[in-house]
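For reference, the chains in residue letters:
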Amino acid sequence: MHRMLKGYFNIIGIAEWCCFVASLLLLDKKTTYWRFFQLFIFIVICVETIGWYMNYIIRRPTNALPFNLLMLLSFVFFIWLFTKSKEMQKIKTGLQLLMLLFSIVGLVNFFFLQKFWKYNSYTQTLGDILLVIISAYFLFLVLKAPEYKNLFGYEYFWLANGLIVSSMGSMLLYYFGDSLYAYYKETKIPVYDYINSVLNVVLYGSLIIGFICRRKTTRLSPVLS
Amino acid sequence: MPPQNYQIVTGVVIATIAFLLAGFFIVIIIAYANSRKKKFIEEKQIMQSKFQNELLQTQLEIQEQTLKNISQEIHDNIGQALSLAKLNLNTMPAINDEALQQKITNSKELVSKAIIDLRDLSRSLDTDYVQEMGLQRAIEYELELIKKTGTIETTMMVEGSMFRLEKQKELILFRIVQETFNNIIKHAGAKSINVNINYSAKSFTLVIIDDGKGVNLQPLSEGENNNFGLGIRNMHNRAKLIGADFKMNSKIGEGTEVKIILNEGNNENKQ
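Protein sequences appear in the order of chains B and Z.
Per the working numbering, the first sequence starts with residue 1, numbered consecutively.
Per the working numbering, the second sequence starts with residue 1001, numbered consecutively.
Hints in this document: simulated from the structure, not taken from any laboratory.
Do not rely on the hints blindly, as some may be mistaken.
[Stated by the list, open to error] Taking lysine-lysine and the BS3-like style, the derived pairs with C-alpha atoms no more than 27 Å apart in a straight line are:
no.: 1; chain 1: Z; residue 1: Lys1251; chain 2: B; residue 2: Lys149
no.: 2; chain 1: Z; residue 1: Lys1038; chain 2: B; residue 2: Lys216
no.: 3; chain 1: Z; residue 1: Lys1037; chain 2: B; residue 2: Lys144
no.: 4; chain 1: B; residue 1: Lys216; chain 2: Z; residue 2: Lys1037
no.: 5; chain 1: B; residue 1: Lys90; chain 2: Z; residue 2: Lys1037
no.: 6; chain 1: B; residue 1: Lys86; chain 2: Z; residue 2: Lys1240
no.: 7; chain 1: B; residue 1: Lys84; chain 2: B; residue 2: Lys149
no.: 8; chain 1: Z; residue 1: Lys1213; chain 2: Z; residue 2: Lys1259
no.: 9; chain 1: Z; residue 1: Lys1251; chain 2: Z; residue 2: Lys1050
no.: 10; chain 1: Z; residue 1: Lys1050; chain 2: B; residue 2: Lys149
no.: 11; chain 1: Z; residue 1: Lys1259; chain 2: B; residue 2: Lys84
no.: 12; chain 1: Z; residue 1: Lys1038; chain 2: B; residue 2: Lys144
no.: 13; chain 1: Z; residue 1: Lys1044; chain 2: B; residue 2: Lys144
no.: 14; chain 1: Z; residue 1: Lys1038; chain 2: B; residue 2: Lys86
no.: 15; chain 1: B; residue 1: Lys149; chain 2: Z; residue 2: Lys1148
no.: 16; chain 1: B; residue 1: Lys216; chain 2: Z; residue 2: Lys1039
no.: 17; chain 1: B; residue 1: Lys86; chain 2: Z; residue 2: Lys1113
no.: 18; chain 1: Z; residue 1: Lys1213; chain 2: B; residue 2: Lys86
no.: 19; chain 1: Z; residue 1: Lys1213; chain 2: B; residue 2: Lys149
no.: 20; chain 1: B; residue 1: Lys84; chain 2: Z; residue 2: Lys1037
no.: 21; chain 1: Z; residue 1: Lys1186; chain 2: Z; residue 2: Lys1259
no.: 22; chain 1: Z; residue 1: Lys1148; chain 2: Z; residue 2: Lys1186
no.: 23; chain 1: Z; residue 1: Lys1240; chain 2: Z; residue 2: Lys1251
no.: 24; chain 1: B; residue 1: Lys149; chain 2: Z; residue 2: Lys1186
no.: 25; chain 1: Z; residue 1: Lys1038; chain 2: B; residue 2: Lys90
no.: 26; chain 1: B; residue 1: Lys29; chain 2: B; residue 2: Lys84
no.: 27; chain 1: Z; residue 1: Lys1039; chain 2: B; residue 2: Lys144
no.: 28; chain 1: B; residue 1: Lys90; chain 2: B; residue 2: Lys144
Chain B extracted, bound-state conformation (with noise of 0.2 Å):
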C-alpha cells in the first residue's frame, strides 16, 4: 500500500498537481491560448493516473499505452505554443508542418514499429530534439530582435528554457535507460527516477513562472496577439 501511494504521490506527481493548481488560479480568458495549459495538464494528470492504476493496481507487464499518447500530444502542443510566439511568426507555415510530419512519424511508430505496449523512445528521442532545436533557435531570434524585452518577464522564454533542460536530459535518460535500471537492480538506487524527477521539476517549475509571467502580461496590456 505504501509502496502504491508513493508510486503515485512522488515529486512528478506533486510538481504536475502544483503546476495544474496555478494553471487554473493564473490562467484565464484574457491569457487567450496559453488557457489550454489547463486542459493539457489535467490530460497529462489522467495519463499519470492511468498509468498508476495499470502498473499497480491491474498490473499489467508495462503501462506504455497511455504514455505514448500523451507524447505525441505533448510534443505536438509546445510546438503548437511557439506558432503563437511573435518571434516565431516568420517561420509560423514551416513549424505548422513540422507539427504535420511529427504527428505523422509518431502514428506510424505507435501503429507499426514499436506499437502499442512497447514505449515509444523513437518518437521521444525525435520529440525531444525538435523542441531542443526550436527552444533555442527562438531563444536565437529573442536576442537578435533589434527591441529590448524584460526576458525574465516573457512567458515564452521560460517555456524555451524549461523545455530545453527536460528535453536535453530526457533524451540523455531514454538513451541510456537500460543501463541505468541495471545500475538500479544491482545497487538499489533509482538515478534513472532521481534525475526524470530533478528534469520535471524543472519543466513544471518554469510553467509555472510562464503562468505567473503570461498574467502579467495581459494585465499590463489587454489586448494581446
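Starting from the structure of chain B, add chain Z where the hints point.
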C-alpha cells in the same frame, strides 16, 4: 554489474548536472546580453533626442533670422514706399470735385492704416524688439493688436512678481504664444482670449484660454489634417527644447486651453 555500466551511469549523472548548469548559464548569459541591449537602446534614444534637439535649435535659429530679415525688409522697403505715398497724397493740392476729394481722403486713411499695421507686423517679427520688450510686454502687445481688429476681446491677468527668463526661452515662448493666437484667429472662431501668467518662486506658468469651437485632438494625432497636428507638435517640441511642459486641452464646443509650465531651475533674472 560490468564496470562499463557504472561508467555509463556516472556519465549520465554528470551530463544531467551539466545540462542543468547549462540551463542556468543560458539564463545568466541571455540576461546579461539583454541588459547590454537595453543599455545600447537607451544610449541610442538619448543620442537621437539630442540630435532632434540640435536640429530643432538650428531650425529655430534659421526661422528667427528669416523673420528678422522680413521685418527689416518690411520696415526699410515697404514701409518707406507707403510713407512716400502718404506724403504724396498729403501734398496734393485741393480739388474741387467732392467725390474725388473724398476718395483721396479715404486713400490717405488706408495708407496710414497700412503703415501702422506694417509697423506692428514688423515689430512682432523682429527678434531684438521682442527680447527688449520682454515676454510679458510682447504678449500684451500681441493682444492689443488682436483687440484692435474688433472681432475678439482679450484680457490678461498676471499673478506674482514679474521676473525675466533667459532671452532664448522668452523668444521661444513668445513664438509659441504667437502660433497659438494665429490658430485661434484662423480656426477657433473665438469671441475672447484670456491669458494668465503666474510668476512663482518655483515656476513660470502661462495659460491661454479661448471660447472658440474647440478641437478634437484625437484624430489629429492619427494623421487627419496633418498641418494642424504638425503645428501642435512643433509647439510641443519647442517647449520641450527649453525644458517646459506643454499641455493642450480642448473639447468640441467648449474652447481650448493651452498651458505652458517652466519649472524652477529653468528660470533666471528675477527682478
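Now for the hints, and whether the structure bears them out:
no., hint, in the structure
1, Z:Lys1251 - B:Lys149, "violated, 37 Å"
2, Z:Lys1038 - B:Lys216, "holds, 21 Å"
3, Z:Lys1037 - B:Lys144, "holds, 10 Å"
4, B:Lys216 - Z:Lys1037, "holds, 23 Å"
5, B:Lys90 - Z:Lys1037, "holds, 22 Å"
6, B:Lys86 - Z:Lys1240, "violated, 35 Å"
7, B:Lys84 - B:Lys149, "holds, 17 Å"
8, Z:Lys1213 - Z:Lys1259, "holds, 18 Å"
9, Z:Lys1251 - Z:Lys1050, "violated, 34 Å"
10, Z:Lys1050 - B:Lys149, "holds, 24 Å"
11, Z:Lys1259 - B:Lys84, "violated, 45 Å"
12, Z:Lys1038 - B:Lys144, "holds, 12 Å"
13, Z:Lys1044 - B:Lys144, "holds, 17 Å"
14, Z:Lys1038 - B:Lys86, "holds, 19 Å"
15, B:Lys149 - Z:Lys1148, "violated, 58 Å"
16, B:Lys216 - Z:Lys1039, "holds, 24 Å"
17, B:Lys86 - Z:Lys1113, "violated, 67 Å"
18, Z:Lys1213 - B:Lys86, "violated, 44 Å"
19, Z:Lys1213 - B:Lys149, "violated, 44 Å"
20, B:Lys84 - Z:Lys1037, "holds, 24 Å"
21, Z:Lys1186 - Z:Lys1259, "holds, 20 Å"
22, Z:Lys1148 - Z:Lys1186, "holds, 16 Å"
23, Z:Lys1240 - Z:Lys1251, "holds, 24 Å"
24, B:Lys149 - Z:Lys1186, "violated, 45 Å"
25, Z:Lys1038 - B:Lys90, "holds, 24 Å"
26, B:Lys29 - B:Lys84, "holds, 16 Å"
27, Z:Lys1039 - B:Lys144, "holds, 15 Å"
28, B:Lys90 - B:Lys144, "holds, 14 Å"
When the structure is compared with the earlier hints, violations turn up for hints 1, 6, 9, 11, 15, 17, 18, 19 and 24 and for no others.
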